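2 protein chains.
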Amino acid sequence: MRKITLQDVAEAAGVSVATASWSINDNEKHRIPANTRNRVRKIAESLGYQPNALGKGLVQGTSDLIGFVTDDVATMPFAGQIIKGAQDEAWRSGKLLLIIDTGGKESVENKALTMMAEQQVQGIIYSTWYHRPVESLKLQSERPAVLVNCFDMHDLYPAIVPDEVQGGRTATELLVKAGHRRIAFVNTTSPSPARTGRLEGYKQVLEEAGISRDSSLIMYAKPDQEGGFNVTESLVESGATAVFCHNDRVAMGIYDGLKQKGLSIPDDISVVGFDDQSVISAHLHPALTTVGLPHYDLGVLGIRKLLKICNDKSDEQKVGTTRVKCPPVIRDSIKRLQF
Amino acid sequence: MRKITLQDVAEAAGVSVATASWSINDNEKHRIPANTRNRVRKIAESLGYQPNALGKGLVQGTSDLIGFVTDDVATMPFAGQIIKGAQDEAWRSGKLLLIIDTGGKESVENKALTMMAEQQVQGIIYSTWYHRPVESLKLQSERPAVLVNCFDMHDLYPAIVPDEVQGGRTATELLVKAGHRRIAFVNTTSPSPARTGRLEGYKQVLEEAGISRDSSLIMYAKPDQEGGFNVTESLVESGATAVFCHNDRVAMGIYDGLKQKGLSIPDDISVVGFDDQSVISAHLHPALTTVGLPHYDLGVLGIRKLLKICNDKSDEQKVGTTRVKCPPVIRDSIKRLQF
Chain A
1 MRKITLQDVA EAAGVSVATA SWSINDNEKH RIPANTRNRV RKIAESLGYQ
51 PNALGKGLVQ GTSDLIGFVT DDVATMPFAG QIIKGAQDEA WRSGKLLLII
101 DTGGKESVEN KALTMMAEQQ VQGIIYSTWY HRPVESLKLQ SERPAVLVNC
151 FDMHDLYPAI VPDEVQGGRT ATELLVKAGH RRIAFVNTTS PSPARTGRLE
201 GYKQVLEEAG ISRDSSLIMY AKPDQEGGFN VTESLVESGA TAVFCHNDRV
251 AMGIYDGLKQ KGLSIPDDIS VVGFDDQSVI SAHLHPALTT VGLPHYDLGV
301 LGIRKLLKIC NDKSDEQKVG TTRVKCPPVI RDSIKRLQF
Chain B
1 MRKITLQDVA EAAGVSVATA SWSINDNEKH RIPANTRNRV RKIAESLGYQ
51 PNALGKGLVQ GTSDLIGFVT DDVATMPFAG QIIKGAQDEA WRSGKLLLII
101 DTGGKESVEN KALTMMAEQQ VQGIIYSTWY HRPVESLKLQ SERPAVLVNC
151 FDMHDLYPAI VPDEVQGGRT ATELLVKAGH RRIAFVNTTS PSPARTGRLE
201 GYKQVLEEAG ISRDSSLIMY AKPDQEGGFN VTESLVESGA TAVFCHNDRV
251 AMGIYDGLKQ KGLSIPDDIS VVGFDDQSVI SAHLHPALTT VGLPHYDLGV
301 LGIRKLLKIC NDKSDEQKVG TTRVKCPPVI RDSIKRLQF
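Residue numbers (this note's numbering), protein chains in the order written: chain A, 1 to 339; chain B, 1 to 339.
The set of hints was computed from the structure by calculation and includes no laboratory data. Hints are all accurate, no fakes.
DSBU-like, lysine-lysine: derived pairs with alpha carbons at most 35 angstroms apart: (1) A:111 / B:318; (2) A:222 / B:222; (3) B:111 / A:308; (4) B:84 / A:222; (5) B:222 / A:84; (6) A:84 / B:105; (7) B:177 / B:203; (8) B:222 / A:325; (9) B:325 / A:105; (10) B:335 / A:261; (11) B:84 / A:325; (12) A:111 / B:313; (13) A:222 / B:261; (14) B:111 / A:325; (15) B:84 / A:308; (16) B:84 / A:84; (17) A:111 / B:84; (18) A:313 / A:111; (19) A:111 / B:111; (20) A:105 / B:42; (21) A:84 / B:308; (22) B:105 / A:325; (23) A:318 / B:105.
So the derived list for chain B, only partly shown, Cβ under 8 angstroms to chain A, looks like this: (24) 75; (25) 76; (26) 77; (27) 78; (28) 80; (29) 101; (30) 224; (31) 225; (32) 279; (33) 283.
Just so it is clear, the structure is predicted and the values come from calculations on it, not from any experiment. Think of the CB as a built atom: it goes at the ideal place given N, C-alpha and C, for glycine as much as any other residue.
Given only the sequences and the hints, what does the whole structure look like? Please build it.
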């Protein structure tokens, strides 16, 4: 069985191939009279003609594709839920995500952006696996773009990012509300919005609770298990009854360090993590109370913002930062102190 | 500045739009004389004409896209390296991966496959986040397809999968070579090629080493940390000096269970994992010796196979299963026994 082409439809309808194409694929520049359009469409249907998405894209100047360019989200075991959220939301609008993971290589990224322009994507989501500033000048093109889990220093594009200050507040509040007053914070040695924001949130909550500042309670560690393990000594010496860890990996290292010293969680010390990297946090002994990153929501909101810009050509949508709430995830690593 | 169109190029060159298109986009059916083709291309370049990938796809009947359809590889924190390998290999051939993660929903999958056909993908990689059989009848189309990390019961498409039997052999050999003879195997309760294959490998190696079979050493656990934790009692009672765990998560649970009993790894019991889920395995105390899943290689080999089928229209490439080696990853959780 031969495939039905646009030419077959045109011949059967007695019109030119161009008229057949413009009848089947809506086109703003070439309006075809309604009766011709309907006749061509009926003939196309009766012949079993399958419209070709490439042809439709050519005529309309865009495709049903949204480009999703990322450094490592698709391949790193961390922020995949950003893609999940973006994909679910794109599907709801009948759009397809064209995902390209560049491994952070600039040459690959440039080629990816060129290819996406060639594929006539409606717009671009640019996303990173951890929250950080990016140089987004390179995105400059006719198509709209939204940054997800990252932001541009010069506010060139709208950005959807986690609310790190609120996240730091939430983690600290969990401990203050359980009656702790000597609360350590193991922050990361790597400069990042997470480092600055979570520290700010921690300080705000302690101040609001009338707990005087003690800089010996703020420690720095490499943001992984070894970092947490190595900071355990200082943590124990500080006399803290609770610790807020920069992330779940640090908390996992602190668990190992404390257990090796014969200390028990949460009886001897309460622990709160960050990230809700659940392959770790849900399965520690005891299960780790932590603060989640809103990866899924970041993806959903990124697509919503992008489609809003596509539909509303005014400029007001095209800048600004949306901060998304980091939710508490309550498990078993906080002890409630008696008053 | 107005965008240069194909029509502008055609007018400047004094040829029809069709001739301009066929000159710029190679087309087997419509051969344009070399001197015309070169002249049109030079004019296009001097005008700054940007070829449109959709147009190219329409003329050639395919695009530079390869469809990558998966249940959850892009969004689950486990097998993302399959995408990494596939993407790296696709890039090397100038191809772009159109990745769609369906969350395992059949309706989404059907729509994804339809949209990919509309986008004129050259072929399809169908991949799953863990090694399992799939119903691949639905893939049936004119385009070639390769299954990665999964296989069809009826061998409808070529499949690239991990070699589970060899992986089970490798894990067991690590322990036998370190002098262990009483080796437990904590297998998963979930039926899968991994369960069957790794058990087969374990049995083969024990038999070859002349170690008599003891069924009390084969245990079953849910394939996560809780499963491992809960099986620790039976493991200790079995008198094993070493244990091969179905995966790293089970090993992590056994670590917690053994430590809680005051036992030490590897001095009291040696542990080998599987998967090399490195956020866990590299960071346990002691770091876990394990067997890796060849996710990156599965992705690379999947694309190679697919492109081979695209280029070589004979049927011989179109079936068969390729089993890829699972490599040992040596860390610190095996004790060498004295003879």
